[in-house]
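Engineer: Just so you know, the sequences run in chain order H and V. 264 is the number that UniProt numbering gives to position 264 of the first sequence; each next residue is one higher, with no gaps. 210 is the number that UniProt numbering gives to position 210 of the second sequence; each next residue is one higher, with no gaps.
Rather than coming from a laboratory, the hints here were simulated on the basis of the structure. As the structure is a prediction and not an experimental result, all values here were calculated from the model. Where a beta carbon is used, it is the ideal one built from N, C-alpha and C, also for glycine. There's no promise every hint is true.
25 angstroms max Cα-Cα, derived DMTMM-like pairs, lysine to aspartate or glutamate [to be verified]:
#  : chain 1 : residue 1 : chain 2 : residue 2
1  : H       : K32       : V       : E62
2  : V       : K86       : H       : E255
3  : H       : K223      : V       : E51
4  : V       : K420      : V       : D176
5  : H       : K48       : V       : D176
6  : H       : K218      : V       : E305
7  : V       : K314      : V       : D390
8  : V       : K85       : H       : E67
9  : H       : K219      : V       : E100
10 : H       : K215      : V       : D176
11 : H       : K249      : V       : D322
12 : H       : K32       : V       : E308
13 : H       : K219      : V       : D64
14 : H       : K48       : V       : E62
15 : H       : K215      : V       : D161
16 : H       : K32       : V       : D176
17 : H       : K32       : V       : E305
18 : V       : K427      : V       : D176
19 : V       : K44       : H       : D28
20 : H       : K48       : V       : D161
21 : H       : K36       : H       : E110
22 : H       : K66       : H       : D189
23 : H       : K32       : V       : E51
24 : H       : K223      : V       : E49
25 : H       : K48       : V       : E308
26 : H       : K215      : V       : E300
27 : H       : K218      : V       : E51
28 : H       : K217      : V       : E287
29 : H       : K32       : V       : D161
30 : H       : K219      : H       : E86
31 : H       : K32       : V       : D107
32 : H       : K218      : V       : E49
33 : H       : K36       : V       : E308
For the chain V half of the interface with chain H, some residues (derived, Cβ under 7 angstroms), not all of them [stated by the list, open to error]:
#  : residue
34 : A48
35 : A52
36 : M53
37 : A90
38 : G91
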Amino acid sequence: KYIHIINKADMAASKGLKILVGCKRVIDYAVKVRVKPDRSGVVTEGVKHSMNPFDEIAVEEAVRMKEKKLAGEAVAISVGPPQSQETLRTALAMGIDRAIHVEIPLAQLEKLQPIHVSKLLAKVCESEKPDLVILGKQAIDDDCNQTGQMLAALLDWPQATFASKIEPSQDSKQLRVTREVDGGLETIDVSVPAVVTSDLRLNEPRYATLPNIMKAKKKPLAKMSPDQLGVDLQPRQEVISVEDPPVRKAGAKVESVEDLVGKLREKGLVK
Amino acid sequence: TVGRSFLCRPVVPYSSVSNAMRRSLSSASPMSGSDASAEPNTDKLFTAEHEAMRSTLRRIIEQDINPYVDEWEAKEIFPAKQLFKKLGNAGLLGVTRPVEYGGLGLDYSYSVALAEEYGRVNCGGVPMAIGVQSDMATPALARFGSHELKEQFLRPSIAGDLVACLGVSEPTAGSDVASIKTTARRDGDDLVINGSKMWITSGMQADWMCLLANTEASVKDPYLSKSLICLPLDLPGVQRARKIRKIGMHSSDTAQLFFENVRVPASYLIGEPGQGFIYQMLQFQEERLFGAAANLLGLELIIQETAEYARQRKAFGQSLLDFQTVHFRLAELLTEVELLRSMVYRATAKYVAGNDVTMLASMAKLKAGRLVREVTDSCLQYWGGMGFTDEVRVSRFYRDGRLLSIGAGADEVMLSIICKYMRTLPKPPKK
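For reference, chain V alone in the conformation it holds in the complex (with noise of 0.2 angstroms):
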């Protein structure tokens, strides 16, 4: 499979994150990337197979998902088992994982392909969670993970029989990740686990959750005292306490967790421990492409239906598309998308050539989710009254737009590691 080698690396020890940073950006001008090879051609990047598979998502959601978004969104739940299940018989949620577990152990260049046709969807939340049925709970699992661990937990994720989520944020700890507080502390051949965990996507319905907590005690450095922990969400101690309301995403459940004492085979841990804050980055860069590709379509189409909503919109004696100020608009904001297709494009030809591209893709994911807000801000005003109404595309899309520059990593955190990048960010001030 190509560019997935150099993940395959061992993991050194860092002795901290962000010496890690310094000495790859070392090699590397400050603003360029910091590869030496030539700029990829993104024309080739999508094939036939691409497409073909794009049109086999195309009709699973014009059949399987699109029918029922608004039931969902009202219900503010989606059936997480039963389409998973259809996703998996496709063969969607493993496009990129091992092939001996189920996966098509393609490129990533499949996983954007996929991203961008989730776009279609006539809400956010349901594409959410898919990715992070097929993109965020499994990455470290698929790398690092025992094989029976992958035979317990990876195979089934992938199939669509069993539901998974991504436990790392908490009540005091979302951008902040290295102040988790939840600890899984050796107890014999177990773990207990003790804590608890904040606005975990598909957490009332998952069957199984990825775990960030604090295993090494002795280890002063918070980065590197973490592990991740394949957890059953069926054992005595779990507690699914809330389903939290949000102002979006109505059909993604979101929930609250706790763990009281909660015991897991020690084997349970995902690869080495004290590496999973590590492991948990090294799939950031797919997890920002992922979030910036998986928009683009939805912002084009709401753009073009605005757009046609203002030619029979009449008002003033003209159509509301006449005016000069509405049909720029519209032309400005497409010009914005299609330049962060481009980013996307760029970016993810240079991580399937075996680059790293945190910088492009945190630029991606930061671009994103302000062209989101501007987007579906722009056009609900064109929408008029309608715009404010449950009963238009475009007011669900600026509910559900919002949560881009906040969660998958917060615009500031974004900002943060583009300064690194720049070389401008502040030393932390000594202690």
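Bound-form chain H, shown alone (with noise of 0.2 angstroms):
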């Protein structure tokens, strides 16, 4: 059983850190998004659904780091419908060694919030013992952007959100995670355990080798319910309606400064 005693080891020396990743099954990037007829929300019956892509990333980042001897053991989590099974098969093959999958029930999958999956890593974390958690930093269906903040609070931990970089501190006994701000870029430590959440530019995840894609059939999947981790899923929010964007009205061309100043101020967007 591993020993959690990483907050005093020196990284380096250590059998390297333990490593929890975030995957979500979402619709696929590539897919045209059409909202159901009664607008309770979108279509996903018979659409294609894949890895979470900023998910995808913090996989990638998870199996680098075993490679690069900084992380031991690596284990993805996914929490949703039977059919994140294949989404966690995917991180399987990516590399990953083991994952879990917390199921949820149908009926209360479109009432899902970050603050309930938060919770429910929260609860794995105490068990699991991981530590790092790297997770997306949003997820593109509903781009919450909460989950990473949210988890990091309820285990009082660390958080080094929009990572572009994660690397060994100077003296290797921190991380220390260059990030993504609106400024520029901005480092800092963090000691472990700690949140991290990818952001684009992290890495360039693999694509599943086919070897690895068989092998990742044999790699253990372990199955939970959000009943034995004691979460209760009672939704916070309720959604109204779910309606398309305006569709784009053509513009005009105008042909001087003048005429534009003139036109903005005609629709009253500039006094």
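Assemble the dimeric complex from its two separately framed chains, guided by the hints.
Structural biologist: In structure tokens form, the structure reads like this:
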């Protein structure tokens, strides 16, 4: 059993970090999303799904840290419907060692919020005791950008969000994370255990080779339920309606700057 | 591995190929296929692993192939060595080949799944060359070659380190394979090769050729006088005479080669002498299903693309797509594509379950060749003047697609095979 002593140990000399990586199954980025006729959500039946692209980057980072011997074990976790298992198999095929599936019944799936997911992940962290949790910075379906931050708060762990680089700190006792922020790049040192969320430029994920896809079938995939973890999935929000964004109207060409300002005034956009 | 065992039976000498076919058919009813087993469930044909492999291939196509297709078409060659190494690293070149030599040892349904995905490539030439490398140049070697031969030629071909080609067709013998003239005569411990080969895919770039040549001078039966030989193409006497200019498949280099007293060790002969034609015939079913499967997605995509073009193209005050002749015709064509897909899946399921699917595979190949011509021709018409230019995909598909009715078994050969199963083929005229 893994013993949680990393806070004090020199990272380079230890067995390496234990990493927990979150993967979410989302509608594939290339799909043209359509709103359901009853406006309660978007059409998901029969639509192509795949791993959230930021989560792919998180998985890739965990696998690279293993290859660099910074990490010893990488575990993938997904909170979602039965089909989330396919997402986990993709992670296993990329090089993750084992996977955990927290299965959400279909009835509760649409009402699942980041607050619930972060609570579930926090519970799993209590038993798995990872040194590092890497999540995608946000999911491309809801764009919430909350789970990583909430998880860190629940665990009272340091967080380093929007990471574009993760490396050992100068003294090898912490992690040095470069973050992409509005003003540019910010570099911080965080002690472990910590939560890091991945941004676009952290790495370019590998595709799973065919031999690894077949090997992934044999890697362990454990199932859990929210009840087992003692987490209440009561929704805190209610979606009133979902609508298409307004159709883009045709623009108009103007001849000069004066014309442009005049038109903007006409539309009441400029005083 | 499922469904492979029947192919590994030792080859029983047949008196001739046609006798062998008649024997296998005598226990079968003429038109329904040759097995008594229940129709396999094709819904379960593809698993999550098949889908995962298609995803990997899709990534490689999007990153490493499609961005360069226009350039390769213009240059009339693609960098096979580089691309095959990438495919080899991903495990894509030996999916059904033995694990001992770097393959995955999986059944043929995986080849079909990947073949379908190759339809995403924006040209026909590159998938054709990949198909030769992964499915056409190496099956006999994998099944019947010696261990040393497999180490020397099969392993590097699966890894993508060597580019392979298949040397069967000659200037005077395409469909009539029995009439090939290239010889490989025994001289001490060597075989000496003389002759020429034509229309060889990847012939300009290939490192080695799986050559079919006449070796048994004393055998009268032309189906039993030939052998398959692994031929390195950098040997003295091998001349890559010219790259043939074609109306399509531009990115695939097609060569004519001459052999003048080329010497190879006799151990380079695959399996038993005289069995070359039989060996090559054993994999025809796979080759034909591959040809049909590889075009399905491309046809679907071109129909969709044509609908989108017609939707935004205005003519006589309305969108071109709103003319009933246009949207009805596209619906007809898509119906045919789905029918062909069903046949490919059905034949694959039966094959993987251990049945002979020669008739279904020949039907699928025949239909695919004709359907590609029909779909691309009809779609091109709806693109109007633009369809006739190099600036759209449909014109390239029209040119590339024409080969399917000719290569890897011409339509007429497919028809003859089907007639054999229907017992309607006339007896050969007495000499």
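Engineer: Check each numbered hint against the structure and report the violated ones by number, ascending.
Structural biologist: Those not satisfied are hints 2, 5, 6, 10, 13, 16, 20, 26, 28, 29 and 31.
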